[in-house]
Amino acid sequence: MTTHEDTAAPRVEVGAELPARSKTPDEVALFLFSAATGNPHRIHYDRDYAHADGHRDVVVQGSLQANWLIEAMLSWAPDATLTAFTFRNVATAYVNDPFVVGGRVAEVHEHPDGIEVVVDLQVEGPDGATTVGRGTLLMTDGRVA
Amino acid sequence: MTDDLLSDEARAWIGMELDVPCAPLTLADVQRFRVGVGQAPLSAEEAEQGVVVPPMIYQTLSRQPVDPAGLTRDGVPPDRRPPVGEGRGMNGEVELELRRPLRLGDQLHGRRRLVSLEPKQGRRRAMVVSTWVTEFRDADDDVVLVETVRQILF
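Protein sequence lines correspond, in order, to chains A and B.
Those letters in the first sequence? Residues 1 to 145, per our numbering, in order.
Those letters in the second sequence? Residues 1001 to 1154, per our numbering, in order.
Chain B on its own, in the form it takes in the complex:
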């Protein structure tokens, strides 16, 4: 039953690699992110003393602006998602390995790879777990962060 969800077309996605361009990390990004998570923005004095960059800000830097005309009915950008089942998905797990803290001025670039598609039988439905691994490197090409995302497709 679960194998029905995983077509040859979907299997052909395994190993696919995508570039993940990122915007450079600025103080304005940090300030917006702090407000977004309910923290006060840094004062000029605090910013001068040193800025601790929130680790999860990489998600913002790697999310490129999208033409609103291209958004789906859900309001999200069309996903690069393997063709599984009804085309629906939900977040599973996110795993981060942080090789070093992010710093202002970092210019990251990411490379994302679809590592696997695994059929599973859940309690309520058959599903496929997709695992994408993204390596984010800095301008010196050193790996700064490795993200593994598992998404449930059905």
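Only chain A is shown next, with the shape it has when bound in the complex:
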């Protein structure tokens, strides 16, 4: 017989790493995000304009990377509720570059409804971090997927 403990996912601990997720956004991905968010900024689709603006290629939207960070958290803890989120674009991210989205549990607190987990997050491109963030999750069972 399999007990619940045998199959249960591990509890959350400070220092636990979120599974890394790979992203390589192409021109279509950038277009679809701009279309979905009503963002007509040229640097996300007009290569000539991006070059003239000092970029080496069209630029991956900062908000798209923020969504990657949220996706990384909620894939790791699908039953959790996101209660706070901060992000900062720290370097330009370019189309067709490979990115790794990851995170690490920074804090775990008791909460009347479960536990509160603070996760430090980042999108890492070929030349280093492009977006960093921090999310707070409320987890009623304190376990991850």
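Honestly, the hints are just simulated from the structure, not real lab data.
Hints are not guaranteed to be accurate.
Sample of chain A residues lacking proximity to chain B, with all beta carbon distances greater than 12 Å (derived) [claimed, not checked]:
| hint | residue |
| --- | --- |
| 1 | R11 |
| 2 | A16 |
| 3 | H51 |
| 4 | N96 |
| 5 | V105 |
| 6 | H109 |
| 7 | G114 |
| 8 | E124 |
| 9 | A129 |
Okay, the calculated bits of chain B under chain A, using three or more residues with CB under 8 Å as the criterion [what the hints assert, rightly or not]:
| hint | stretch |
| --- | --- |
| 10 | 1032-1039 |
| 11 | 1059-1065 |
| 12 | 1087-1095 |
Even glycine gets a Cβ: it sits at the ideal position worked out from N, Cα and C.
Given chain A's structure and the hints, the job is docking chain B onto it.
Then chain B, alone, in the frame of chain A:
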């Protein structure tokens, strides 16, 4: 040097408040947003079982359609931006406090306030950090989400 960027005209913007109207949140919005972030749209069966609304979709709901004739050379709508330096800006930091998950049918309305303009000397240039705080409320007037945006102006 940094104070030169912050004119009296710009300082007069501090405390300014703006309405941020939002479109009602529909399943079609969620489907478009999922595709926009590289996820498959929900099947009819999945949608029936419950729709988890992506938190960042509020940015889409609060972005009103703009007459293309009014877009700037960058392709963006003219920003309500304090008159600082050359009129250029870049995103700094976005901070969200999510009081509850968004739900289909939510009709949000936002109120945005320019809380501060702070001159700073960066490594390469003088700049001003603007901080806008927007409270999004639902139809019951309960605060659902608070967004703080810091933008770098130069």
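Violated constraints from the hint list, given by number and in increasing order | Failing hints: none at all.
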